[in-house]
Amino acid sequence: MNRIKRKINSERGASITFALLLFLVCAVLCSVIITAASTASGRMANLAVTDQRYYSVTSAAELFRSLIDGKTVSVVKVEKEQFTTTYNDGEPAGTSTPAAVGSPEVYVLDGKATPGTALGTPIGTVPVFDSIPEDAAYRVYSAGTGTPSGRTLKLQSGFYGATGAEYDAYAAIAKEDFDKDGNMTLTIYNRYNGKGTDSTAGSQYTLVLSCGLGKNEDTYRKSVEKNNNDSHSSGGIVINTSTTTTTTTTISTYTWTLTDIKTGSA
13 MNRIKRKINS
23 ERGASITFAL
33 LLFLVCAVLC
43 SVIITAASTA
53 SGRMANLAVT
63 DQRYYSVTSA
73 AELFRSLIDG
83 KTVSVVKVEK
93 EQFTTTYNDG
103 EPAGTSTPAA
113 VGSPEVYVLD
123 GKATPGTALG
133 TPIGTVPVFD
143 SIPEDAAYRV
153 YSAGTGTPSG
163 RTLKLQSGFY
173 GATGAEYDAY
183 AAIAKEDFDK
193 DGNMTLTIYN
203 RYNGKGTDST
213 AGSQYTLVLS
223 CGLGKNEDTY
233 RKSVEKNNND
243 SHSSGGIVIN
253 TSTTTTTTTT
263 ISTYTWTLTD
273 IKTGSA
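Count along the sequence shown from 1, add 12, and you get the number used in this note's numbering.
Please keep in mind that the hints were generated in silico from the structure rather than gathered at the bench.
Hints may be right or wrong, so weigh each one.
Said to hold, decoys possible - 20 Å max Cα-Cα, derived EDC-like pairs, lysine to aspartate or glutamate:
id, residue 1, residue 2
1, Lys238, Glu103
2, Lys234, Glu91
3, Lys166, Asp193
4, Lys234, Glu117
5, Lys83, Asp180
6, Lys187, Asp230
7, Lys92, Asp122
8, Lys207, Asp230
9, Lys207, Asp189
10, Lys92, Asp230
11, Lys166, Glu74
12, Lys207, Asp63
13, Lys166, Glu178
14, Lys92, Glu117
15, Lys187, Asp210
Claimed, not checked - Just the calculated beta-carbon pair ranges, DEER-fashion:
id, residue 1, residue 2, range
16, Arg77, Pro116, 31 to 41 Å
17, Thr260, Thr159, 21 to 31 Å
18, Ser222, Thr98, 55 to 65 Å
No residue lacks a Cβ here, since even glycine has one placed at the ideal position from N, Cα and C.
Modelling step: build the complete structure from the supplied sequences, incorporating the hints.
Written out as structure tokens, the structure reads:
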């Protein structure tokens, strides 16, 4: 019995146990350090590419914001109609039904229009506009109560050839979308990956710009009466006519304001 107690209380061989425990702790620590070092080296290797994507997209987002945020565009629609009034001895004797004169003319102006503003060139069948808000206003106006169609906008720096780079590292793409109320969403991402080929979902840094639409509409009418100088006598009654031309100008103003910017997916 005493022999068993002595064996239980004996400290012989304890050092090997502590040595094994220390070895295990060191092995775990080494594994953690190696894993962290490998991860850090991988991150450092991709740091330049990551920064490149980030700055190309954020600079593009800032450019689009400056081009769109708070800019007002007017769409002006001009319609003309005429009617003829017959006078008997100077008294109105009848009026014809107003009829449209030609087709309505629609113009897009960069800025808020006022009555009497020079209208410039009317919208053609394939309009080309000088700014994103002008194009957006045309699309929203043309869609009526439907959902306007967006487009894809490509942004490139243009200096990469002079620097000897094989591709434009700062090129970006923006996908333009609208909802039925004309609110605009721009999804912006880097055009190329780190190898110079078109980026895919796994190699894109993406920002989403949301721009709310503020819309206002004003209508102005102006009527001009012209004597036709066609007086003649019939049965002792002097008959003459005049033509009245009514011009109706409808000005729809559109202003997009940046309401949100966040990271997203292309």
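Each hint tested on the structure:
Taking the CA atoms of Lys238 and Glu103, the gap is near 16 Å; set against the 20 Å cutoff, the hint holds. Restraint check for Lys234 and Glu91: the C-alpha separation of about 11 Å stays at or below 20 Å, so the hint holds. Taken as a hint, the Lys166 and Asp193 pair is broken in the structure, with Cα atoms around 25 Å apart against an allowance of 20 Å. Under the criterion of a C-alpha separation no larger than 20 Å, the hint pairing Lys234 with Glu117 is consistent with the structure, at around 16 Å.
Straight-line distance between C-alpha atoms of Lys83 and Asp180 comes to about 29 Å, which puts the hinted pair past the 20 Å bound. For the hint pairing Lys187 with Asp230, the CA-to-CA distance comes to about 31 Å; that exceeds 20 Å, so the pair is violated. Using a Cα cut-off of 20 Å, the hinted pair Lys92 and Asp122 is violated, with the two alpha carbons roughly 24 Å apart. With a C-alpha separation of about 53 Å, the suggested pairing of Lys207 with Asp230 is violated against the 20 Å cut-off.
The hinted pair formed by Lys207 and Asp189 fails the criterion: a straight-line CA distance of about 29 Å is larger than 20 Å. A threshold of 20 Å between alpha carbons decides the hint, and for Lys92 with Asp230 the separation of about 17 Å falls inside it, so the pair holds. At roughly 14 Å between alpha-carbon atoms, Lys166 and Glu74 fall within 20 Å of each other, so this suggested pair holds. In summary, the hint linking Lys207 to Asp63 is supported, as the alpha carbons are separated by about 14 Å, within the 20 Å threshold.
Between Lys166 and Glu178 the alpha-carbon distance is near 18 Å, which keeps this suggested pair within the 20 Å criterion. This hinted pair checks out: Lys92 and Glu117 have alpha carbons roughly 9 Å apart, not beyond 20 Å. With a C-alpha separation of about 15 Å, the suggested pairing of Lys187 with Asp210 holds against the 20 Å cut-off. Separated by about 34 Å at the C-beta atoms, Arg77 and Pro116 satisfy the suggested range of 31 to 41 Å.
Roughly 27 Å separates the CB atoms of Thr260 and Thr159, a value that falls within the hinted 21 to 31 Å. Under the hint 55 to 65 Å, the C-beta atoms of Ser222 and Thr98, about 58 Å apart, fit the expected range.
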